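So you can see what is in the structure, the chains are spelled out below.
2 protein chains.
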Amino acid sequence: MGWGDLGALGEPSKETPNLDQMAAEGMLFLDFYTANPLCSPSRAALLTGRLPVRNGFYTTNGHARNAYTPQDIVGGIPDSELLLPELLKKAGYINKIIGKWHLGHRPQFHPLRHGFDEWFGSPNCHFGPYDNRERPNIPVYRDWEMVGRYYEDFKIDLKTGEANLTQLYLQEALDFISKQQASQQPFFLYWAIDATHAPVYASKQFLGTSQRGLYGDAVREIDDSIGKILNHLQRLGISENTFVFFTSDNGAALISAPKQGGSNGPFLCGKQTTFEGGMREPAIAWWPGHIPAGRVSHQLGNVMDLFSTSLSLAGLQPPSDRQIDGIDLLPVILQGKLIDRPIFYYRGNELMAVRAGLYKAHYWTWSNSWEEHGKGIDFCPGQSVSGVTTHTQEEHTYLPLLFHLGRDPGEKFPLSFASEEYQRAVERLSGLVQQHKATLVPGQPQLNMCDQAVMNWSPPGCEKLGKCLKAPESDPKKCPWPH
Amino acid sequence: MGWGDLGALGEPSKETPNLDQMAAEGMLFLDFYTANPLCSPSRAALLTGRLPVRNGFYTTNGHARNAYTPQDIVGGIPDSELLLPELLKKAGYINKIIGKWHLGHRPQFHPLRHGFDEWFGSPNCHFGPYDNRERPNIPVYRDWEMVGRYYEDFKIDLKTGEANLTQLYLQEALDFISKQQASQQPFFLYWAIDATHAPVYASKQFLGTSQRGLYGDAVREIDDSIGKILNHLQRLGISENTFVFFTSDNGAALISAPKQGGSNGPFLCGKQTTFEGGMREPAIAWWPGHIPAGRVSHQLGNVMDLFSTSLSLAGLQPPSDRQIDGIDLLPVILQGKLIDRPIFYYRGNELMAVRAGLYKAHYWTWSNSWEEHGKGIDFCPGQSVSGVTTHTQEEHTYLPLLFHLGRDPGEKFPLSFASEEYQRAVERLSGLVQQHKATLVPGQPQLNMCDQAVMNWSPPGCEKLGKCLKAPESDPKKCPWPH
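If you're matching them up, the sequences are chains A and B in order. Sequential numbering of the first sequence, starting at 1, is according to UniProt numbering. Sequential numbering of the second sequence, starting at 1, is according to UniProt numbering.
Chain A extracted, bound-state conformation (with noise of 0.2 Å):
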């Protein structure tokens, strides 16, 4: 989803009802950002609090090129992080991932072996249908093992859109919270559904309900969700003892727009992009009786922050043996404090951007290349900034293309490089990025190699199903990664 999403941030139609009451009962994030312009690598610095070069969720295969968890992919979460859940066990947690996983799905990347108790959902996106021979459909784990598969025992629809996956994601999210409950044990429920991600879909009962076509059902059918979920832990007595927090992982894929695309508001580009467009969210804090209700901030966030706020709530420590990027949001949201922090832009391992305060300083800038770009593929459709969507990479490490994101939020009018003001705010900017790079320890790339023999063939469970598939020679190959 994108920032320009949500009824609350100026969508035309205004069809969130049940986010923007959220956002009306609580804290509203203007200025919060993922982790990376794409889905993988910002689950995986949401769960380690970590920044993808960190955490190992890029790839150097090419210069400044996005990478993610498709299903031949050999990496995924490295052992040696730390991930949210395993630290909230500590404190007495029980954690569960209903959704998308995202974090590598061979054995050893396994949720469960990574600090959550349970798990209905996918490793990876919900693309297909595959035929089982070239390419496996994509498995549907209860826990540790597989119940199913995409397109075969949980449908998706491609012609007329219907699934009904986030009523199920849904309904497991109310019964965890039940179980949670009744049991009164402390709960991280991290509930990352795979819609509005493309290909599309909604339940039938959403289906043409909304102006914006099949994606806006989509989003109707999450807020919806969403309503019901906050109503839960109102009837149950838990909503002042619960905190929730909504965002995305990515700008909206204008890509797929208008049909399978959202919007990113004002903003420029979207996913896949470290312009704004790709890389602001809509973020919401809800926590009645703590949080007062209509708060609006401008403090900068971002997803790594969820890792140290929720620490945070759990009276734990995040780890000291290694940097942690995301901060501890309570002093925002609970005290209206704001803590003076940069946001960094990535591609691959590349730093593309920096902000701080109201400025943006680019030190590369790209859209996608003139070869994917004459394919069709256009991550800013109907948008061109000269200098600045570029279809080659363009490095401006000495004149950084500096923005002024207050009065110029659409990135639209660079600053005069000879202005005082571009070089009192690319000094400042220059300075934080200087120290981010010396202290930079980037972990082993995870998203570089890529084998048909690892794909979801044979998942644990397979057997009991009759599901099991023939995996290929393994072949290990680079991905290729073109954007």
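Hints in this document: simulated from the structure, not taken from any laboratory. Keep in mind the model is a prediction, meaning the values are calculated, not measured. Take the hints with a grain of salt, since some may be wrong.
For chains that are exact copies, the list does not tell them apart, and a pair is met inside one copy or across any two.
Claimed, not checked - Here are the simulated lysine to any residue pairs, SDA-like style, with alpha carbons at most 20 Å apart:
| # | residue 1 | residue 2 |
| --- | --- | --- |
| 1 | Lys14 | Glu25 |
| 2 | Lys259 | Ser416 |
| 3 | Lys14 | Lys337 |
| 4 | Lys337 | Gln211 |
| 5 | Lys478 | Thr60 |
| 6 | Lys375 | Ser416 |
| 7 | Lys259 | Ser419 |
| 8 | Lys337 | Ser210 |
| 9 | Lys14 | Gly357 |
| 10 | Lys159 | Ser419 |
| 11 | Lys259 | Glu420 |
| 12 | Lys204 | Leu313 |
| 13 | Lys337 | Thr209 |
| 14 | Lys259 | Gly357 |
| 15 | Lys14 | Pro292 |
| 16 | Lys89 | Ser320 |
| 17 | Lys259 | Leu358 |
| 18 | Lys14 | Gly294 |
| 19 | Lys228 | Ala182 |
| 20 | Lys259 | Ala418 |
| 21 | Lys155 | Leu233 |
With chain A's structure known, arrange chain B on it following the hints.
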């Protein structure tokens, strides 16, 4: 101001708490339009309830050119037009205009000749400063006579952006309301302030207070003023007896962005164009005790509806001897009804586009000429949609460009001509256009002739102030309208 300039509509700095609260207490219109992408035709339409092509606020000097009311214009509002205040008078209303009139500055066009009882403000835009030789500075009137000139007696500091005009206009409004309340006489206040038109200004207390720069300072001052006006109505105990509507006369002038131009949110282009960014506007109806709080409407609305709605509120019928384009919105506002009606997008006397429901068909596309574009005049900075934001006037009469504004509010993805959806929608829209054109009787064009001799050399009252200037010989010419 543009659609995207309100926090409630997704402006990322969220700096309009009073307008946002007005929306939360009233009805927010998401699909509300001006009658023209330019100031004075739009204002003429508001006050007459009729499209500029009917009331004369257009030019035939060039095909599909926008025209307005600079101080060398010969024309103005024809006597044959019936203005809202003229009609309200019959129901005992006292009518005041505060701010920019813009319906002609020659004596016969004076607002007090057209139904207003009081005026404080100027006949034209606050451009300047002028030298009073080639061109006089724009006068500011109190009622029948001028009381000074902009830049002379009413300072605007173009360097710092400081001017206290909005404060003057605010105080005028508060005083008028108090007076009317004291005398128990019904009133119509047309608070038509100059801000945020370029050159952008704000009072000292607002300068530098916005994240958005000077333009944001001006928006904040307007927002603050509206809060004060609404408060004043409440304090006087007449808020439940006073209908208030907030809107703008055209989309944000992106040509002046980022310093002097605002935001049209997710919409395409800005002022001067018939894309959504040029004509879709923020719009809020407020009437405590009558409009339930927090309502949102998708009614296709237009500034011309304020004519019909105001008459309806006063218990009056619209004139029956002429075509009125505005509709009475009270059933929408009070009962939540949706009235099926089209929106017509004109440039000059050319119907460029039409909207009905969620479909919009463009019969002509044009941003501006290559010549003007080459001079750096850009109505769509950073936006470029192939075949849509054209720099030549492109006719699509026989195969209109069709957009679905629900799925594609940014007008980036024209529907396929071959689709059934296209054919169904275009059939309906073209029917509406035929119907509209069949009965259209264009008014005498008022914006064709310009003459330096008619400028504000010696407005009434200049003698008392010693501010009469010598007019040059009359030399009427066709006005040049580049856009």
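Comparing the hints with the structure gives:
1. For the identical chains of this complex, Lys14 and Glu25 are neighbours both inside a copy (17 Å) and across copies (17 Å), given an alpha-carbon limit of 20 Å.
2. Within a single copy, Lys259 and Ser416 get their C-alpha atoms only as close as 38 Å, which misses the 20 Å cut-off; across copies the closest is 13 Å, which meets it.
3. For a Cα distance limit of 20 Å, the shortest separation of Lys14 from Lys337 across copies, 17 Å, qualifies, whereas the shortest one inside one copy, 30 Å, does not.
4. Within a single copy, Lys337 and Gln211 get their C-alpha atoms only as close as 38 Å, which misses the 20 Å cut-off; across copies the closest is 18 Å, which meets it.
5. Taking the shortest alpha-carbon separations for Lys478 and Thr60, only the intra-copy value of 10 Å comes in at or below 20 Å, while the best inter-copy value is 65 Å.
6. Taking the closest pair of Cα atoms, Lys375 and Ser416 come within 20 Å of each other only across two copies (19 Å); inside a single copy the shortest separation is 34 Å, beyond that limit.
7. Taking the closest pair of Cα atoms, Lys259 and Ser419 come within 20 Å of each other only across two copies (15 Å); inside a single copy the shortest separation is 43 Å, beyond that limit.
8. When the C-alpha separation of Lys337 and Ser210 is checked against a cutoff of 20 Å, the pair qualifies only between copies, where the shortest distance is 19 Å, while the shortest distance within a copy is 38 Å.
9. Taking CA atoms no more than 20 Å apart as the test, Lys14 paired with Gly357 passes between copies only; the shortest distance there is 16 Å, against 29 Å inside one copy.
10. With identical chains, the CA atoms of Lys159 and Ser419 are at most 20 Å apart between copies only, with a shortest distance of 16 Å across copies and 54 Å within one.
11. For the homomeric pair Lys259 and Glu420, the shortest alpha-carbon distance between copies (16 Å) is at most 20 Å, but the shortest distance inside one copy (45 Å) is not.
12. For the homomeric pair Lys204 and Leu313, neither the shortest alpha-carbon distance inside one copy (38 Å) nor that between copies (44 Å) is at most 20 Å.
13. In the homo-oligomer, the alpha carbons of Lys337 and Thr209 lie at most 20 Å apart only across protomers (19 Å), although the nearest pairing inside one protomer, at 40 Å, exceeds that limit.
14. Only between protomers do Lys259 and Gly357 lie at most 20 Å apart by alpha-carbon distance; the minimum there is 19 Å, versus 35 Å within a single protomer.
15. Taking identical chains as interchangeable, the C-alpha atoms of Lys14 and Pro292 lie at most 20 Å apart only when they sit on different chains, with a minimum of 18 Å there against 24 Å within one chain.
16. In this assembly of identical chains, Lys89 and Ser320 lie within 20 Å of each other by CA distance solely inside one copy; the values are 17 Å within and 76 Å between copies.
17. Taking CA atoms no more than 20 Å apart as the test, Lys259 paired with Leu358 passes between copies only; the shortest distance there is 15 Å, against 33 Å inside one copy.
18. Both within a single protomer and between protomers do Lys14 and Gly294 lie at most 20 Å apart by alpha-carbon distance, with minima of 18 Å and 12 Å respectively.
19. Within a single copy, Lys228 and Ala182 get their C-alpha atoms as close as 18 Å, which meets the 20 Å cut-off; across copies the closest is 51 Å, which misses it.
20. Taking identical chains as interchangeable, the C-alpha atoms of Lys259 and Ala418 lie at most 20 Å apart only when they sit on different chains, with a minimum of 17 Å there against 43 Å within one chain.
21. Proximity of Lys155 and Leu233 under a CA criterion of 20 Å is satisfied in neither setting, with 29 Å inside one chain copy and 58 Å between copies.
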